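Participant: As you go down the protein sequences, you meet chains A and B in turn.
According to the working numbering, the residues represented by the first sequence are 1 to 414, in order.
According to the working numbering, the residues represented by the second sequence are 1 to 424, in order.
Don't read these hints as lab results, they were simulated from the structure.
From a predicted model like this one, the values you see are computed outputs, not experimental measurements.
Some clues are possibly wrong.
Stated by the list, open to error - Here are the simulated lysine-lysine pairs, BS3-like style, with alpha carbons at most 30 Å apart:
{"id": "1", "chain 1": "A", "residue 1": "K198", "chain 2": "B", "residue 2": "K34"}
{"id": "2", "chain 1": "A", "residue 1": "K363", "chain 2": "B", "residue 2": "K3"}
{"id": "3", "chain 1": "B", "residue 1": "K270", "chain 2": "A", "residue 2": "K69"}
{"id": "4", "chain 1": "A", "residue 1": "K198", "chain 2": "A", "residue 2": "K146"}
{"id": "5", "chain 1": "A", "residue 1": "K87", "chain 2": "B", "residue 2": "K57"}
{"id": "6", "chain 1": "B", "residue 1": "K371", "chain 2": "A", "residue 2": "K69"}
{"id": "7", "chain 1": "B", "residue 1": "K18", "chain 2": "A", "residue 2": "K167"}
{"id": "8", "chain 1": "A", "residue 1": "K360", "chain 2": "B", "residue 2": "K273"}
{"id": "9", "chain 1": "B", "residue 1": "K34", "chain 2": "A", "residue 2": "K48"}
{"id": "10", "chain 1": "A", "residue 1": "K167", "chain 2": "B", "residue 2": "K371"}
{"id": "11", "chain 1": "B", "residue 1": "K143", "chain 2": "A", "residue 2": "K167"}
{"id": "12", "chain 1": "B", "residue 1": "K18", "chain 2": "A", "residue 2": "K133"}
{"id": "13", "chain 1": "B", "residue 1": "K273", "chain 2": "A", "residue 2": "K367"}
{"id": "14", "chain 1": "A", "residue 1": "K363", "chain 2": "B", "residue 2": "K270"}
{"id": "15", "chain 1": "B", "residue 1": "K12", "chain 2": "A", "residue 2": "K167"}
{"id": "16", "chain 1": "B", "residue 1": "K57", "chain 2": "A", "residue 2": "K48"}
{"id": "17", "chain 1": "A", "residue 1": "K163", "chain 2": "B", "residue 2": "K367"}
{"id": "18", "chain 1": "A", "residue 1": "K133", "chain 2": "B", "residue 2": "K371"}
{"id": "19", "chain 1": "A", "residue 1": "K69", "chain 2": "B", "residue 2": "K273"}
{"id": "20", "chain 1": "A", "residue 1": "K87", "chain 2": "B", "residue 2": "K34"}
{"id": "21", "chain 1": "A", "residue 1": "K221", "chain 2": "B", "residue 2": "K273"}
{"id": "22", "chain 1": "A", "residue 1": "K133", "chain 2": "B", "residue 2": "K273"}
{"id": "23", "chain 1": "B", "residue 1": "K12", "chain 2": "A", "residue 2": "K163"}
{"id": "24", "chain 1": "A", "residue 1": "K309", "chain 2": "A", "residue 2": "K370"}
{"id": "25", "chain 1": "A", "residue 1": "K69", "chain 2": "B", "residue 2": "K367"}
{"id": "26", "chain 1": "A", "residue 1": "K87", "chain 2": "B", "residue 2": "K270"}
{"id": "27", "chain 1": "A", "residue 1": "K87", "chain 2": "B", "residue 2": "K3"}
{"id": "28", "chain 1": "A", "residue 1": "K87", "chain 2": "B", "residue 2": "K367"}
{"id": "29", "chain 1": "B", "residue 1": "K34", "chain 2": "A", "residue 2": "K133"}
{"id": "30", "chain 1": "A", "residue 1": "K221", "chain 2": "B", "residue 2": "K367"}
{"id": "31", "chain 1": "B", "residue 1": "K371", "chain 2": "A", "residue 2": "K360"}
{"id": "32", "chain 1": "A", "residue 1": "K69", "chain 2": "B", "residue 2": "K18"}
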Amino acid sequence: MESKHNKLISITKMVAFTSLAADPSVVNLGQGFPDIPPPSYVKEALAKAVSVDRMNQYTRGFGHPPLVKALSQVYGHVYGRPIDPFKEVLVTVGGYGSLFSTMQGLVEEGDEVIIIEPFFDCYVPMVRMAGAKPVFIPLRLKSGKKSITSADWYLDPDELSSKFTSKTKAIIINTPNNPIGKILTRDELQMIADLCIKHDTLCFSDEVYEWLIYRGQQHVKIATLPGMWERTITIGSAGKTFSVTGWKLGWSIGPQHLIRHLQTVMQNTLYTCPTPLQEAVAQGLMLNMELIGQPECYFTSLAEELEGKRDRMAAIVQEAGMTPVIPEGGYFMLVDVSALNQDLSDMKTDDDDDEAYDYKFVKWMIKKKKLAAIPVTAFVSDQSTKDFEKYIRLCFIKVILQEEWSKMPQRPFY
Amino acid sequence: RSKCMNSLIASKKSRSLKFPKDRVEFTQLAAEYKAVNLGQGFPDFSPPQFITEAFCKAVSGGPPMHQYTRAFGHPALVQSLAKFFSRIVGHDIDPFEDILVTVGAYQALFCAFQALIDEGDEVIIVEPFFDCYQPMVVMAGGKAVYVPLRPKEGTAVLSSGDWVLSAEELASKITPHTKAIVINTPNNPLGKVYKREELQMIADLCIKHDLLCFSDEVYEWLTYDGAKHVKIASLPGMWERTVTIGSGGKTFSATGWKVGWAMGSGHILKYMKTIHQNSIYHCATAAQEAVAQGFEREHELFGTPQSYFQQLPAMLHHRREKLASSLKGVGLQPIMPEGGYFMITDISSIGEYSDTKDENYDFRFVKWLIKEKGLATIPVSAFYSPEHSKEFDKYIRFCFVKENSTLDAAEEILKKWSQNESSH
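Let the sequences and hints guide you as you build the complete structure.
Facilitator: Structural data, given as structure tokens:
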């Protein structure tokens with residue numbers, strides 16, 4: 001029974017941190033979900049859906065028709081091309097479920113999949129579960145800068161090119177990126193696209209944070225670059241779009257000849273997603289479709305709200321003597337803790353002498369400062385640990401930023 | 001030519017699975033011909049008010065209700081399931097170790113096959129079977145081995161209880177490669193509710209050959225005519241080797257909520273949790289909270305007339321009778337189900353009405369019935385392996401979990417049909 005599971009990474013470290021941080025006296029800026037309420041109209045739409053008999057029974061397996069039609073409209077507008085709601089869209093259980101259907105449908109034993117570090121931690125076990133080999137390429141930091149943003153992290157073109165082999169099936173990109181918050185520029189996406197086309201590979205583009213783009217930034221969809229629609233699966237998330245991570249709805253958009261394989265996987269794994277939730281998301285999308293360009297449009301208003309929180313978080317981090325990496329998008333911020341030069345010798349545990357600095361730092365911070373974060377080396381491969389172990393990840397889509405944090409000056413870091 | 005445009009771009013695994021042509025085709029055909037739909041396996045009436053209220057309450061329950069909950073199951077739900085089922089199974093179920101909440105029973109089945117079936121393992125499937133078991137075995141790299149329920153010889157076959165499993169035939173299918181046996185009780189499509197002795201026979205073989213048992217019990221509350229649902233996990237020696245699967249959707253007539261679960265010994269469940277964590281990770285929070293409240297209510301009312309688990313089977317008992325008499329009224333021979341949502345009917349008394357001979361008789365019949373009579377059903381050979389489907393291609397499946405008006409409409413169609421016949 002055990003053999004297959006040696007290949008899978010059980011995210012036990014995350015689970016350990018979750019229980020450490022579960023102490024109610026700990027301010028939790030680790031967990032990657034909002035504590036702000038979702039817009040009231042989506043909650044109302046959900047309550048309303050449940051009162052309609054038919055909405056409580058199975059809907060279409062590949063996606064509730066009102067939802068796939070709404071997605072087709074919203075994204076047809078965004079992509080600037082017609083999107084077939086029934087053949088080019090699949091609704092899944094969160095962005096996570098889309099990643100899974102994509103891997104199971106298109107990746108197999110013997111394949112290589114290129115993953116850019118730091119990466120959302122499920123990519124690696126999903127690649128392994130499909131029998132394939134992850135190949136890593138780290139984002140690298142431009143040297144010499146005093147105040148750092150996520151734009152200072154870059155992909156080395158030669159290094160990236162060297163990772164493509166005859167076995168490469170796909171490259172996974174995540175833009176805006178979790179945890180750094182980097183938004184891949186058009187030039188960077190073009191470089192990736194050129195390689196995908198040259199080596200005839202697929203591209204899996206995780207764009208769950210696509211609406212969380214801060215001032216002066218632009219989110220570009222790699223699938224809109226020439227030659228890329230036919231080889232790209234783009235993943236989106238209702239949870240991140242409407243601040244309802246607990247609804248677990250996401251979608252994959254791409255060409256029929258690829259989406260059909262994801263649909264086959266869906267059919268044979270969980271068959272269909274919950275109906276009332278899909279109905280409510282459909283309504284939320286259509287409502288905001290009408291509001292595009294207006295200040296009430298949630299696709300833009302949430303980012304505006306978060307930008308204030310981002311800047312406040314950055315200021316607080318600096319006051320505490322640490323260095324923030326200002327993200328261009330998403331709701332996470334990397335924080336360089338090395339300036340504190342914190343002694344963590346009493347954080348060593350018996351079972352893991354080689355534990356990375358950021359793991360020890362986060363444990364120390366939870367214990368001594370009652371503040372939880374996530375160690376960034378959780379998002380990189382072993383070979384990149386040394387480059388990332390001075391960073392922790394904070395999540396700023398939190399109400400507590402305003403409230404609990406006022407207690408912070410009483411907890412100096414130095 | 002780009003390999004990305006080639007069908008070979010699909011993983012070997014997904015290429016080995018059929019693109020779901022049939023199911024999609026029947027649904028489309030039924031819609032096109034505006035057929036009275038007794039094919040689809042879900043209620044056309046509403047879930048009970050207490051459960052939809054629980055959902056609405058969860059929706060207005062503050063931000064945590066709309067964010068991620070515990071990945072292996074919302075604490076309120078696993079706790080209420082553990083409390084509820086411990087006394088039924090006769091075992092102290094640990095809510096955090098022994099239960100995994102999934103997106104419908106379907107995903108629980110997927111996790112079971114992925115976690116516990118390895119390349120080369122054989123899995124015994126009792127036919128007729130809910131059609132997802134076979135592709136899930138294939139996807140896990142295993143090999144499906146079939147053993148059919150057969151109508152008892154000699155007697156008139158009037159009830160699903162008359163379809164039985166031969167102990168010799170079952171034993172003969174076990175090899176050193178056999179890893180698990182899959183049973184579904186009450187059964188879809190037949191409606192059979194396995195008796196204790198029958199489950200004991202299966203349990204004996206599981207213990208003797210050290211097999212796992214996957215027991216799909218989604219219709220566990222729907223038994224009729226005094227048939228008793230028995231959990232194979234409650235038999236001696238079986239808790240430690242059984243994964244029992246349940247469904248909030250079938251329990252509370254809310255199939256669209258997709259809340260299911262797997263229950264079993266933690267040493268088995270932990271592998272299913274790993275699969276779940278690496279495929280879906282979390283299930284929707286509010287729906288789980290609502291199902292938890294539903295079980296809390298049922299725990300209070302268990303065994304009383306107000307219990308939904310008493311009321312639903314009582315209501316469906318009548319729907320079942322109603323459909324059966326409509327079918328008998330036109331000379332068809334229904335097999336009375338002891339449990340579940342479905343009733344199958346022998347159609348062999350009816351001559352051939354279609355020209356094409358390249359598909360099974362019941363498939364052709366079902367299509368004809370949709371197009372010519374506006375009544376949708378499902379062909380039963382769809383629930384059989386390729387090797388046995390021709391033996392069982394003279395049955396069609398009806399779902400009777402429908403409003404009286406739907407069953408009335410079906411009855412009209414059947415009456416008219418039989419009048420047409422007698423006037424020829």
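Participant: Within 30 Å, alpha carbon to alpha carbon, are K371/B and K69/A?
Facilitator: Holds. K371/B to K69/A sits at ~28 Å (cutoff 30 Å).
Participant: Going straight from one Cα to the other, do K69/A and K367/B come out at no more than 30 Å?
Facilitator: Holds, at about 29 Å.
Participant: Does the structure keep K69/A and K18/B at a Cα separation of 30 Å or less?
Facilitator: With a Cα-Cα distance of about 26 Å, the restraint between K69/A and K18/B holds, given a limit of 30 Å.
Participant: Keeping to a limit of 30 Å between CA atoms, is the pair of K221/A and K367/B held or broken?
Facilitator: Violated, at about 44 Å.
Participant: Do the alpha carbons of K273/B and K367/A lie within 30 Å of each other, as the hint requires?
Facilitator: holds (29 Å)
Participant: With the threshold set at 30 Å, check whether the alpha-carbon distance from K221/A to K273/B stays at or below it.
Facilitator: It is violated: about 34 Å lies between the C-alpha atoms, which goes past 30 Å.
Participant: CA of K87/A to CA of K367/B, is that 30 Å or under?
Facilitator: holds (25 Å)
Participant: Against the 30 Å threshold, does the CA-CA distance of K69/A and K273/B hold or violate the hint?
Facilitator: Distance of about 34 Å is beyond 30 Å: violated.
Participant: With the threshold set at 30 Å, check whether the alpha-carbon distance from K363/A to K3/B stays at or below it.
Facilitator: Roughly 48 Å separates the two Cα atoms, so the pair is violated.
Participant: Holds or violated: K309/A and K370/A, Cα atoms, limit 30 Å.
Facilitator: OK: K309/A and K370/A at ~20 Å, within 30 Å.
Participant: K87/A and K3/B were given as a pair; does the straight-line alpha-carbon distance stay at or below 30 Å?
Facilitator: Answer holds: K87/A to K3/B is near 20 Å, not above 30 Å.
Participant: Holds or violated: K371/B and K360/A, Cα atoms, limit 30 Å.
Facilitator: violated (69 Å)
Comparing the model with each earlier hint shows violations of hints 1, 2, 3, 4, 5, 10, 17, 18, 19, 21, 26, 29, 30 and 31; every other hint is respected.
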